[in-house]
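S.K.: First to last, the sequence lines map onto chains A and B. Following the numbering used here, the numbering of the first sequence begins with 1 at its first residue and continues without gaps. Following the numbering used here, the numbering of the second sequence begins with 1 at its first residue and continues without gaps.
Because the hints were derived from the structure by calculation, they are not lab data. Any given hint might turn out to be false.
Not the full set, but computed from the structure, chain A residues with beta-carbon under 8 Å of chain B [what the hints assert, rightly or not]:
id: 1; residue: R17
id: 2; residue: E47
id: 3; residue: V137
C-beta: ideal position from N, C-alpha, C; glycine also.
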Amino acid sequence: MYDIEMPLVLGLDCMERAGVLVDRMTLADIHISFEAELNRLSASIYEKVGMTFNILSPKQIGQVLFDKLQLPSGRKNSSGTYSTDSDELTRLIDEHPVVRDILNYRQISKLDSTFVLGLQKVIDPLDGRVHSSFSQVMTNTGRLSSAEPNLQNIPIRSDLGSQIRRAFIAPPGRVLLDADYSQIELRLLAHLSQDENMMNAFLHNEDIHTNTAANIFNVPKEMVQPSMRSAAKTVNFSIVYGISDFGLAQDLGVSFQEAHHYIEHYYAQYPKIRAYLDSLKKMGYDKGYVETMFGRRRVVKELTSPNRNIRNFGERAAMNTPVQGTAADIIKIAMNRVSAGLKKENLDAVLILQVHDELIVECREDQADAASVVLKHAMEGAALLRVPLIAEVSQGLSWYECKT
Amino acid sequence: MKNQFPVKLTDDSPVDDGLQLPASLPEIRIDADLHDFSAAFLAEMSREKKHFCISIDMPMPQSLSSGDKYAYLVVCLAPDQIFAYSTDYHSKILEFLVGQGVGSHIQELLPVGHSIKSRFRGLPYVLPFGSCFDVEVAGYILNQIEGGSPSFEMLYEHAVRESYPRFAVYEGPDNSLKNASENPMELLLAQTSLQIRTMSCRGLPGIVHTACNYWKNLPGGHFFAGELLLIRSRRLQKSPWKNWCMI
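For reference, chain A alone in the conformation it holds in the complex (with noise of 0.2 Å):
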């Protein structure tokens, strides 16, 4: 542990001193769009309740839904308002078409004032470069926090979210590496509990999500349909996050029973998997704390609280750390890795952001090959696990190229 925090301080000082450079220009076309498309959200939205509002104030939009559209109001805050959460929204969306126009505009409000207009704010004047703060020692399970802005939460999963990422580039005669680690979660699970199928499936480079889809809908692997592999995908992610019946039932939107006879399927599938993880629970209620496989503690104080609801957090805590702190250990390693092989190899390349299992990495044009080597080196050489450990490197001008 000693050997993978103490080189990462002066690592993550240099990866802040880089900063990335962001593209002023990109971020303006992104607000005018962004703006564009706010207007017409809100003509939209105006039109169909019959009045204006302030469609970000959430006491409005719970008068306009609940009291004027009259629509099946649920949970009432503690304040006695009616709570307008993106949950509650989203269990409203086929009650009226001006629900998913309000859930839209949300969104593209948050994107444009946290991300497209914050981070304009932050840019350095000096070098048109954003410099992060990256801490240590803030969270539980050791992974990397970011700040001031925080780089680790640009959205990637929706269409408009990952527009951002277009504004991240490199400089005239430069490219950006971007290095993923696949899987890394599930192949520790893998490693970890030793569960000789899960294992097999990345030793064979199958689709673990196909292989989970065809156990717990009972269909031959290739009959698995796509909504049927987005189920399986949702029940492995889960699993190491210690999720209930329950929370699955609501995560996939089926009955209760239904996600109960998933997590019986996976298990089965996986029988190790079950013993891993009741392991340890039991090594968090018997010593107090879990470790990753290399040594970082967390201590899990909830397991003794008198209250079962927090008892479970614990609980869900003890199984998830192992994994999710192995894979933060493991991109740590990398980090130092990166750094020593770029060094070593003579690169005019630069570690310049870590997002959680990604690296980027910003090198001259020419010797991206070879930086491109180095890092998927550095990164698959990390950790020696039973099953590969496999890092995706893609380079693009941009950010979003990367990733496109």
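On the provided structure of chain A, position chain B as indicated by the hints.
M.R.: Just chain B, lined up with the frame of chain A:
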């Protein structure tokens, strides 16, 4: 006169040597000739001693205005050998220390500090050391301090089992000590503040900060010693360091 300051580890086993605090603030030599500094450094290096703490401190960048010269680099070679250098000297001092093996991969001299990356953000270049030991990061690794980021104050209270000393102040025409305390560290800090007001460097911007860092240097070395013992006992480190300096 010396004050003995017992330091304990988390398992309540006492550290073999207590925290030695001088009774008063020694002279701080500001922007002293570099030859004098290097001579003092080499003289301290040649002595047989457990602690070779060099305190290097800088104010956080947000507390400085553009072109500010008051980011003093405080270098405490020994409790009575304190140098403070303004911005123009920083690179020369750091180069000298690196040249002497501080933070090199020879692993003879390890720069130790709290929140090193943040404290040196004001430097216009990467901190030139090849390696370092951050007591904040070590506290986090050891998971001794609840709540994530172990502040200097938390590490102090954890290691010393006493509340962190506040800067007590002398007030009134007779310079009487307000809120007199039995805490030796607190008294020393109070004396420091009084001395600063009467020293030749009185009024020099940043000097209180500098003096405070000097005092922090002493327990900082003890955090390191305690943390290193735990890191070794948990086998979290491959290779031990022979010596260290405190930044």
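S.K.: Work down the list of hints and note, for each, if the structure agrees.
M.R.: Comparing the hints with the structure gives:
At a threshold of 8 Å, the smallest CB-CB gap from R17/A to chain B is about 6 Å, leaving the interface hint in force. Restraint check, E47/A versus chain B: the minimum CB separation of about 47 Å is more than 8 Å; hint violated. Satisfaction of the interface hint for V137/A is found here, the shortest Cβ-Cβ separation to chain B being roughly 4 Å, below the 8 Å cut-off.
Consistency with the previously given hints fails for number 2 only.
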